[in-house]
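2 protein chains.
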Amino acid sequence: MTENGWQHHERVLTMETMNPNIKQVEYAGIKKPFTEVIKANIGDCQAMGQKPITFFRQVLALCSYPDLLEDGKFPEDAKNRARRILQACGGESLGAYSASQGIEMIRQDVARYIERRDGGIACDPDNIYLSTGASDAIVTMLKLLVSGEGRTRTGVMISIPQYPLYSAALAELGAVQINYFLDEDNCWGLNITELRRALQEAKKHCSPRALCIINPGNPTGQVQSRQCIEDVIRFAAEENLFLMSDEVYQDNVYADGCKFHSFKKVLFEMGPEFSQKVELASFHSTSKCYMGECGFRGGYMEVLNLDPEVKVQLTKLVSVRLCPPVPGQALLDVVVNPPQPDEPSYNTFIKERSDTLAALAEKAGMTQEILNQVPGIKCNPVQGAMYTFPQIHLPPKAIMEAKEKGQSPDMFYCMKLLEETGICLVPGSGFGQREGTYHFRMTILPPKDKLKIVLAKIKEFHQHFIEQFF
Amino acid sequence: MTENGWQHHERVLTMETMNPNIKQVEYAGIKKPFTEVIKANIGDCQAMGQKPITFFRQVLALCSYPDLLEDGKFPEDAKNRARRILQACGGESLGAYSASQGIEMIRQDVARYIERRDGGIACDPDNIYLSTGASDAIVTMLKLLVSGEGRTRTGVMISIPQYPLYSAALAELGAVQINYFLDEDNCWGLNITELRRALQEAKKHCSPRALCIINPGNPTGQVQSRQCIEDVIRFAAEENLFLMSDEVYQDNVYADGCKFHSFKKVLFEMGPEFSQKVELASFHSTSKCYMGECGFRGGYMEVLNLDPEVKVQLTKLVSVRLCPPVPGQALLDVVVNPPQPDEPSYNTFIKERSDTLAALAEKAGMTQEILNQVPGIKCNPVQGAMYTFPQIHLPPKAIMEAKEKGQSPDMFYCMKLLEETGICLVPGSGFGQREGTYHFRMTILPPKDKLKIVLAKIKEFHQHFIEQFF
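Order-wise, the sequence lines are chains X and Z. Residue numbering for the first sequence follows UniProt numbering, starting at 1 and increasing by one per position. Residue numbering for the second sequence follows UniProt numbering, starting at 1 and increasing by one per position.
The reader is advised that the hints may include incorrect statements.
Since copy identity is lost for identical chains, a pair holds within one copy or between any two.
Lysine to aspartate or glutamate pairs mimicking EDC-like chemistry, simulated, CA-CA at most 20 Å apart [claimed, not checked]:
hint	residue 1	residue 2
1	Lys450	Glu92
2	Lys311	Glu26
3	Lys277	Glu194
4	Lys459	Glu419
5	Lys378	Asp231
6	Lys311	Asp126
7	Lys143	Glu172
8	Lys351	Glu460
9	Lys378	Glu435
10	Lys39	Asp342
11	Lys450	Glu420
12	Lys79	Asp67
13	Lys203	Glu10
14	Lys143	Glu26
15	Lys39	Glu104
16	Lys311	Glu172
17	Lys39	Glu92
18	Lys450	Glu369
Hints were generated in silico from the structure; no laboratory data involved.
Sequences are here, hints too, so could you generate the full structure?
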């Protein structure tokens, strides 16, 4: 081998030899490079022109370069926040590692934020884990949950349509994905009968152990009612399921009569027989809401009723990657501890926040209104989050042509749209949809004027597409 | 079930039901909280008082809060770098997602940095993947490499002593860890005979597919000679092993006659029969060297000779987590593209960099000198990196008492040191060591005056420990 081995050299890592789970990972998207593309495909707020909150960025600049603390131009409240964050950092620097669970002071601030949000229900900072965006924490929890082989293999229930992080992580971990379908005819509502159906079927071939909820919904934009959340919790309790609630759009609620209710709050309002038993992990992030700071990869998860020994394992597991990015932790701290009424930055902060949320609400309304004017496009109300997921009626001829090309029909549609208009959407098949239905996901993030043009172009394209394949 | 299920409620996630691989994960450390602890346990430069490079932090502040670009106080070169980075960001903001592989301009800057470092050997920016610290990229590559079951299960060779990220990641992925021992009697050198022994033995029970190298070494502080690297590459070529070279300490070389050689450079110098065939991933980070910016979680990996189809899979895999933190990417950009001789910040930059590296070199020398004065402590030269890993001779009585307590003898020693002196070290057992030998890892990072005290206290403690257990 030593002398002749070289002639026999073969590549070590090939499609045949690589981790087979990774091959199963799918991630929704269109990757075709374009010179002038209007990206309405991903929830990337600031890339679409949304302005960061001034106060947050001032604090980050002060933390990055503390010499600026001597600068008279910065407001006192920004300086106070920066000093407080730096004092909680090793060596008073963003450049030091933090504790793997996150900086303790910031976890305390997160706990107080959750208590205010949930009307005073207690939150223990020891249950808070800061993370690298919400994705990181979601994958970490799934990782802990996966075990068994064959019929005892962990099954995890996810909504269809879903955010593809879930299916990708489950494929990578070799867990069983259990689909439950959201009810498109009822504003993408979650239906307990459907949950039960999916669970019973799954029990035949795996061991269902967790139920994932995204509220407000991505890609579907629905906001769950308090009653629905209570029903889901009752179902999880009865069926011994670990609940994972992805609440990264908690400030993005636009529709009249809709309100965000956290799973934690509803769980506690249901009384101790639930709040002391149901295992819940809920997730939040700095990437969405009114801040839209995706690039900083800040986030946290709160765990409830976790087995204390498992919690030790969780803490060990996160310590392997050392710590979440400290600038993201600093940003999270100002998100959960923003300017107060008696502070100099308060008015500007409130104005920036409400302007951003009002613009999103207006664009949510405009999107559903204009898309619903197009014959062959049917769009549920965008009650929350940042997306619409309309159903598109495709002519049989188009479906046939797509299949000849080896593409899913909605991918065929989105590629044609991209080629003809430069508008980039994501085909519904990347999120999952009922057999024989077709959708796309579109963000409501382009600036109002641009969004109007996008919607008009989609309208025109769709009519032309229908004619072409009639 | 629906009506009576509740009484039968059991916790979903317990030690019995959780992912068994996670239980196998071990991560070296002492977690005991202390009021006044001198942390010489982890390579956390800025937590130990090392100052960040002024220019880097100016650029980060400018990128975080671009209004500062109008501020006359900042040097022009810092402003130019910040403008250039922002122009490469979506929406000209650190708050936008980047491409999952990292911002293209920054990957180009990394490629040029590698070319300069390696004397002009070409580097393709498409082979660069930016990452969340080096750990992230290392785990990603290991993930791709793991497959098979039983005797076909992927085995990965790691040095003993090792950096515990490797053993933790392999345990989590369920891969087989193949230990090769570094030669303590020869400055922790890497010995090809030992590599061969470890490989032959491993082939009996798994499928060895990758070889991991840390150079300069953590926790052992050795710097590999060019000849040794060439031998390792030849071995990997002969044995069809994927090479992973962890080069995060590439600027941390202190000993006379030692020089950092990248695996990439040596590979190319060995000619096309190697450079066009051997699969190599090498890793770098913003956390070590003279910058020590651990908290920003910046880093990159360069892949060579990766199967093009596998590269597509790699790109897909990293896209699931969206993107590495953008502030860390911005920091990496200035690290690989620092002030030039004709720029205003050049002199300050050079002075700060060389002061930091000179201080580290002085502390490396001081550490080995003082520790070697202690009877019963034997310390190899700290040629590079940031650690010493001395062997400690423990009296049989101490070993017995440790075993009665259910502790490893070096853990027993380190706990006693912590209790008596407040100095926190990591027991050698967390990194691996030859059976019957005991070590600790200590960083050279405390400020010089404090380090002197630490070393004096360890000396005194050790003598007292020996007397106590004689």
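Against the structure, the hints come out as follows:
For the identical chains of this complex, Lys450 and Glu92 are inter-copy neighbours only, at 18 Å across copies versus 44 Å inside a copy, given an alpha-carbon limit of 20 Å. In this homomeric assembly, Lys311 and Glu26 come within 20 Å of each other (Cα to Cα) only across copies, at 15 Å, whereas the closest approach inside a single copy is 30 Å. Proximity of Lys277 to Glu194 under the C-alpha cut-off of 20 Å is found in neither arrangement, the shortest distances being 24 Å within a copy and 53 Å between copies. Proximity of Lys459 and Glu419 under a CA criterion of 20 Å is satisfied intra-copy only: 15 Å inside one chain copy versus 72 Å between copies.
Taking CA atoms no more than 20 Å apart as the test, Lys378 paired with Asp231 passes in neither setting, with 28 Å inside one copy and 65 Å between copies. Taking the shortest alpha-carbon separations for Lys311 and Asp126, only the intra-copy value of 10 Å comes in at or below 20 Å, while the best inter-copy value is 40 Å. In this assembly of identical chains, the alpha carbons of Lys143 and Glu172 lie at most 20 Å apart whether taken from the same copy (10 Å) or from different copies (9 Å). When the C-alpha separation of Lys351 and Glu460 is checked against a cutoff of 20 Å, the pair qualifies neither within a copy, at 36 Å, nor between copies, at 62 Å.
In this homomeric assembly, Lys378 and Glu435 come within 20 Å of each other (Cα to Cα) only inside a single copy, at 17 Å, whereas the closest approach across copies is 69 Å. In the homo-oligomer, the alpha carbons of Lys39 and Asp342 never lie at most 20 Å apart, since the shortest distance is 40 Å inside one protomer and 40 Å across protomers. Taking CA atoms no more than 20 Å apart as the test, Lys450 paired with Glu420 passes inside one copy only; the shortest distance there is 17 Å, against 67 Å between copies. Proximity of Lys79 to Asp67 under the C-alpha cut-off of 20 Å is found in both arrangements, the shortest distances being 11 Å within a copy and 16 Å between copies.
With identical chains, the CA atoms of Lys203 and Glu10 are at most 20 Å apart between copies only, with a shortest distance of 17 Å across copies and 43 Å within one. Both within a single protomer and between protomers do Lys143 and Glu26 lie at most 20 Å apart by alpha-carbon distance, with minima of 18 Å and 16 Å respectively. Taking the shortest alpha-carbon separations for Lys39 and Glu104, only the inter-copy value of 18 Å comes in at or below 20 Å, while the best intra-copy value is 38 Å. Proximity of Lys311 and Glu172 under a CA criterion of 20 Å is satisfied inter-copy only: 17 Å between copies versus 23 Å inside one chain copy.
Taking CA atoms no more than 20 Å apart as the test, Lys39 paired with Glu92 passes between copies only; the shortest distance there is 15 Å, against 39 Å inside one copy. Within a single copy, Lys450 and Glu369 get their C-alpha atoms as close as 16 Å, which meets the 20 Å cut-off; across copies the closest is 68 Å, which misses it.
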